[in-house]
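The primary structure of each chain is shown beneath.
There are 2 protein chains.
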Amino acid sequence: MSNVHPFDPLSPAEISQAVRIVKNAIPHEPLAFRVVTLLEPPKSQMLPFLHAEHAGKANDTNANTPARIALIHFNRGGGVSDLCEVHVNLDAQTIVQERSLAGRHSFQDTTEMQAMEKACLASAQVQDALRLLQLPEGAVVQVECWTYGTDGMNDMRERIIMCYLYMSLTPHGDSNHYAYPLDICVEMLSETYSVKRVLSLPLGENDRFGLVSEVGVKPFDRRKIHRSSEYHPDLVPERRTTTKPYRVVQPQGPSFHVEGNLLTWEKWRMRVGFNFREGLTLHDIMYDGRSVFYRLALSEMFVPYGDSRAPYPRKAAFDLGSNGAGVNANNLKLGCDCLGHIKYFDGVHHNMHGDPVVLPNAVCCHEIDDGILWKHTNFRTNNAVVTRSRVLVLQTIITVGNYEYIFAFQFTQDASINYEVRATGILSTAPINLDESVPYGTLVAPGVMAPYHQHLFSLRIDPAIDGHRNSLMVEESHAMPLNDPAVHNPFGIGYTTTHKFVETESPLDIDIARNRVFKIVNENVCNPISKGPVGYKLVPHPSQMILAHPSSYHAQRSEFGEHAVWVTRYQDGELYSAGENTMQSAGGEGIASWIRSRTSPLSVRDEDIVLWHTFGTTHNPRVEDWPVMPSEKLLVSLKPVNFFTRNPALDVPISSQAENQSVLVGESGGSTSANPCCPKL
Amino acid sequence: MSNVHPFDPLSPAEISQAVRIVKNAIPHEPLAFRVVTLLEPPKSQMLPFLHAEHAGKANDTNANTPARIALIHFNRGGGVSDLCEVHVNLDAQTIVQERSLAGRHSFQDTTEMQAMEKACLASAQVQDALRLLQLPEGAVVQVECWTYGTDGMNDMRERIIMCYLYMSLTPHGDSNHYAYPLDICVEMLSETYSVKRVLSLPLGENDRFGLVSEVGVKPFDRRKIHRSSEYHPDLVPERRTTTKPYRVVQPQGPSFHVEGNLLTWEKWRMRVGFNFREGLTLHDIMYDGRSVFYRLALSEMFVPYGDSRAPYPRKAAFDLGSNGAGVNANNLKLGCDCLGHIKYFDGVHHNMHGDPVVLPNAVCCHEIDDGILWKHTNFRTNNAVVTRSRVLVLQTIITVGNYEYIFAFQFTQDASINYEVRATGILSTAPINLDESVPYGTLVAPGVMAPYHQHLFSLRIDPAIDGHRNSLMVEESHAMPLNDPAVHNPFGIGYTTTHKFVETESPLDIDIARNRVFKIVNENVCNPISKGPVGYKLVPHPSQMILAHPSSYHAQRSEFGEHAVWVTRYQDGELYSAGENTMQSAGGEGIASWIRSRTSPLSVRDEDIVLWHTFGTTHNPRVEDWPVMPSEKLLVSLKPVNFFTRNPALDVPISSQAENQSVLVGESGGSTSANPCCPKL
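Residue numbers (the numbering used here), protein chains in the order written: chain C, 9 to 689; chain U, 9 to 689.
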């Protein structure tokens, strides 16, 4: 395995091998494999390995190579109960650790989901309820499975899937059925694929849900039928024809190089990883030979809905922990999701039998032009020097039922990293009476209510700023006091910065009024120019934190949602800020609990620390978000701050017409300008 | 003049004509023309005109056409005192209004500035001081003129220019002299181009400035000589060669159409304006035949420095009011400042004699691709529908001495408008002793200190959301109360929005913790789907407000800097939120003063209102910002919120490989993907 890097995801062969080892250990028993993924080596093993690797000591490297370990979750008996976890050493071909997760639930598998949809529709109870609705001729009923957002109304030992029902009124497979949310929902039992209860949904602010068998349900209101909610081009004939083609041409190919999972571009070097849960992960990120980050990945995301009426408090999705960003990654298509020269990375997962399944084109890698990187015009000579910003993008797009998320790490030539999230797709909808409205939702079509909700993302940032002993310094800008004899501020215009180091694990908040800046610094490395520590700063996305009451299940389960920034001491295995098993979790197992659980407060000063950034949107839908939502962009950045001794992008190529070949509008054939921007070039 | 639109800037012929009329009125006297620009017609005249124009009533239009009026500022006697303002009616060829601005100062003219540099260097006093510095062999001294930031130390009736001295140590004209700030500065008198005082600068935290003739000045410290501060390619030989060419090809040309200053693109329609002060202005902005904004432009920007030591409190630049974004606009070069098909707009200004001067390529217009606009994958059919976001960019770049600003209005296919500001260029620097540091600056090179400063922008937004009677509604998201019998929130997860209308002119602040949203709505137009008023929301750029003490000249002069959002009732002529004449202003003439000056509070409810957004950065320089700064991006957006009855970008073309012709990395010759993204297309 010498050509396998410890950060490489498990190969199909490794998955098969790991599964075989488990099956051999537990013969004569059906096993449902939920998770077969790489258990990343302990950092204590990786550091010497990387040290040797960076030094180019190949032999040492092999000697130091950590064992390949597979992390496996499976249900004994093949159902959904009796969940077990084992670690399989693929080098030694043995199970090295096992523990029971009895009482916990695995994430919602798409195969299971589709089977659940069928079971729901096939049930007599559901069919009876549908008959009561007296749906229009030709209605095609669709079932949407939702993970069960804990609300305390059911025994959590029972794995329940919530099925919400919709219909479409055209036979077209891509008709938007979210335009017709039906008035009933179904509680399904995962173990038996059987109906627990069929419920009627509230249709007004003061309406309450109930058992259809008791309260019944009204026939579908024909006045709700409309034609404006389709999005598929087959069903939206009128299309604008004014947008002329726009192509990206790279005559010499891309500027990046890929060797397996090792990606180099400009002065960046990193390893691309992927797993069923986080999707895209990045490892051992270096710039110009200097270590910057050990690992970057989205840790979790939580989407709690604000509709207070049962059963809607159950709509609270952990899209990573309970659904999986990796397994829901789109198969990206050339020419559709990006322009220019594109390299795709596949993901590898498996089915419930443990057979490896390739997820093609799960990640794309390409370059974009981001306008002007830096410019200066010397007004004395009228000479302008312009450089353009080339950006490397690593993008993955996930579909979680109705909704899409576009996740992109962007690397810039000035040594910054951006993490961009775009939210798009179709709003989750609920039925409402035509003449009613509710204070926690927007009417987006006749009888269609799009409930308020929040998207809360937790980005895990494992820094290695010139080494693994880092500190978090909080800088603020404050006006100098007035009329203080000890301070020279005669004109009242002076301001200075304060710098506080965070000493122990804790949450922090954004404070724009004080221009609070979060700097990850290495106190052992001094910048010879600034005379201070080298560092990178987090440029956060300021967002409203979770609105659910601290005592609610939503808040208890998504501990990261209470504060914008958290700093912890690195611990192997502490990857998921809302806990490892979010499916029907009851709370008390996330980042706040970790910190609380330490026997004594852990120092984060000059230690191996991890930064966690909570950001998102309070999404109170607009009508414009319907029937499909224009991308809503969120951006987080990591920027060098006194890490270099000057602008690291000083040496990028000067922008010139000879290279860029732009076309002057008005001139025929697009002749080039008479005055090139940089006469000396 | 029937083909001239009332929003068209003055043509060279109109400028000549206006100047001639003034010269004829005031013969036998030298006049220095500072301002000759269009006085935009009163809105009361424009509304009927636009109404007829939109209705295609050409004849009516001519009948309603407001007179062309030139706004002119000139100094009688040809010096800098006795400033006068006149309005010239170009149709009637008469002066229709005049007033004396005696005691006020015009903005800093670049011609004047360059003459001032020469005068400063030529002065014996300055030469004596330079001799004391014993500069190295071959040093080339450069003078930087700064407008005088009022600090109360000089009589404001005297127009003073601050000259800071620098040197370069190479003969190359584009050598970065900001790397060698000299220890002296000079107060120059504008009227006589003569030296008022030569001052020594403080070189340490406890150092104070003084008259060189009294305190002297030390010889230049040779240990400060270094080679790492150049930016021009001639002087930075080592350049990365890894960035491969990247071109934008538009085989069918751009998607926009330009007729004079009328710009149409996709469903947008607007008029492009330009003037010496604001630079790019936009007028009568419509989407799909509906009125959205009457006028958009940057109103003012203020750059106060945080160094409390005299004379640095004088470093406080109003880059629009005292320098001019228009007159300092770069001559944009094809292939350097943007890619693809580019249309340029010229600006028109004049010299002090009143002769028209064309500012070529002051604004560029082009398209960019901004990634995915919307996407949905139907997991049942595996059909993905993707649209790409095409964006129209109107960009202007200004150079104010050492610094550059890139201003861009971006129009999107989903009916949003972004205003992007990029800050780049070279940091303003001050000398410092090698062994010292100060708490209000960063050391960026040996003996070079980059002082902390703020960039505060004031964006003026004159809305016309489906008409000119609009209101400002402030929305917040609040958790529903817990254990309140009057509220149904049994699970503690409910949240709703509050909506407050702003009734009278006032400043407002951003509140992220409450997800405060600023919605400009038209209460007279109801969205048939949402059942609420149509509107656009301001997506602000959350920023720290001005740090200078409210009693300071900085705060008094830049009234807009105290709050993030202001709403006022529209008044003709209220364009500049820090006042009309910022040059050595003493304060009390900006947006807060307007509001205070109303005889009674003006209603902004269902009235013709104007929104003003203050945003910026507290820029505490990084070493990475030296010797030239990577662009720092700021973004403000205006987005429809329940303005349309569905996603206005629903009809954009579906992204396809046939159109985009991307190239798969790894395949030779870039063959296209086997599976197009939208099989049905």
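Incorrect hints may appear among the rest.
Unchecked claim - Only pairs whose alpha carbons sit at most 20 Å apart, straight line, appear in this in silico DMTMM-like list of lysine to aspartate or glutamate: (1) C:Lys-204 - C:Asp-229; (2) C:Lys-51 - C:Asp-99; (3) U:Lys-226 - U:Glu-213; (4) U:Lys-275 - U:Asp-659; (5) C:Lys-641 - U:Glu-213; (6) U:Lys-252 - C:Asp-296; (7) U:Lys-126 - U:Glu-246; (8) C:Lys-252 - U:Asp-378; (9) C:Lys-252 - U:Glu-428; (10) U:Lys-252 - C:Asp-99; (11) U:Lys-252 - C:Glu-444; (12) U:Lys-539 - C:Glu-213; (13) C:Lys-275 - U:Asp-659; (14) C:Lys-252 - U:Glu-267; (15) U:Lys-641 - U:Glu-428; (16) C:Lys-252 - U:Glu-667; (17) U:Lys-126 - U:Glu-222; (18) C:Lys-539 - U:Glu-444; (19) U:Lys-539 - C:Glu-61; (20) C:Lys-275 - C:Asp-296; (21) C:Lys-226 - C:Glu-213; (22) C:Lys-51 - C:Glu-61.
As the list claims (entries may be wrong) - Among the chain U residues that face chain C by a calculated CB cut under 7 Å, a handful are: (23) Val-30; (24) Lys-31; (25) Asn-32; (26) Gln-552.
Derived by calculation from the structure, the hints in this document are not laboratory data.
Don't be surprised by glycine CBs; every beta carbon is placed ideally from N, CA and C.
Status of the hints after comparison with the structure:
Distance restraint check for Lys-204 (chain C) and Asp-229 (chain C): the Cα-Cα separation of roughly 27 Å exceeds the 20 Å cut-off, and the hinted pair is therefore not satisfied. Between the alpha carbons of Lys-51 (chain C) and Asp-99 (chain C) the distance comes to roughly 19 Å, so the proposed pair stays at or under 20 Å and holds. Annotation: proposed proximity of Lys-226 (chain U) to Glu-213 (chain U) holds, straight-line Cα distance about 17 Å (limit 20 Å). Among the hinted pairs, Lys-275 (chain U) with Asp-659 (chain U) is consistent with the structure: their alpha-carbon atoms are about 11 Å apart, no more than 20 Å.
Of the supplied pair hints, the one linking Lys-641 (chain C) and Glu-213 (chain U) is violated, its CA atoms being roughly 43 Å apart against a limit of 20 Å. A distance of roughly 18 Å separates the Cα atoms of Lys-252 (chain U) and Asp-296 (chain C); the hinted pair therefore holds under the 20 Å criterion. At roughly 35 Å between alpha-carbon atoms, Lys-126 (chain U) and Glu-246 (chain U) are farther apart than 20 Å, so this suggested pair is violated. For the hint linking Lys-252 (chain C) to Asp-378 (chain U), the alpha-carbon distance of about 15 Å falls within 20 Å, and the restraint holds.
Restraint check: the Cα-Cα separation between Lys-252 (chain C) and Glu-428 (chain U) comes to about 24 Å, which exceeds 20 Å; the hinted pair is violated. For a cut-off of 20 Å, the pair hint linking Lys-252 (chain U) to Asp-99 (chain C) is broken: about 42 Å separates their Cα positions. Proposed proximity of Lys-252 (chain U) and Glu-444 (chain C) is contradicted: the alpha carbons are some 58 Å apart, above 20 Å. In summary, the hint linking Lys-539 (chain U) to Glu-213 (chain C) is supported, as the alpha carbons are separated by about 16 Å, within the 20 Å threshold.
Restraint check: the Cα-Cα separation between Lys-275 (chain C) and Asp-659 (chain U) comes to about 41 Å, which exceeds 20 Å; the hinted pair is violated. At roughly 19 Å between alpha-carbon atoms, Lys-252 (chain C) and Glu-267 (chain U) fall within 20 Å of each other, so this suggested pair holds. Straight-line distance between C-alpha atoms of Lys-641 (chain U) and Glu-428 (chain U) comes to about 7 Å, which keeps the hinted pair within the 20 Å bound. For the hint linking Lys-252 (chain C) to Glu-667 (chain U), the alpha-carbon distance of about 9 Å falls within 20 Å, and the restraint holds.
Proposed proximity of Lys-126 (chain U) and Glu-222 (chain U) is contradicted: the alpha carbons are some 25 Å apart, above 20 Å. As the CA atoms of Lys-539 (chain C) and Glu-444 (chain U) are separated by approximately 10 Å, the hinted pair is consistent with the 20 Å bound. In summary, the hint linking Lys-539 (chain U) to Glu-61 (chain C) is not supported, as the alpha carbons are separated by about 63 Å, beyond the 20 Å threshold. At roughly 5 Å between alpha-carbon atoms, Lys-275 (chain C) and Asp-296 (chain C) fall within 20 Å of each other, so this suggested pair holds.
The suggested pairing of Lys-226 (chain C) with Glu-213 (chain C) holds, with an alpha-carbon distance near 17 Å, which does not exceed 20 Å. Annotation: proposed proximity of Lys-51 (chain C) to Glu-61 (chain C) holds, straight-line Cα distance about 15 Å (limit 20 Å). For Val-30 (chain U), the interface hint is violated, since its Cβ never comes within 7 Å of a Cβ in chain C; the closest pair sits about 29 Å apart. Taking 7 Å as the C-beta cut-off, the interface hint given for Lys-31 (chain U) is violated, the closest approach to chain C being about 30 Å.
Interface hint status for Asn-32 (chain U): violated, as the beta-carbon distance to the closest one in chain C is roughly 35 Å, over 7 Å. This hint holds: Gln-552 (chain U) has a C-beta 4 Å from the nearest C-beta of chain C, less than the 7 Å allowed.
Violated hints, listed in ascending order, are 1, 5, 7, 9, 10, 11, 13, 17, 19, 23, 24 and 25; each of the other numbered hints is respected by the structure.
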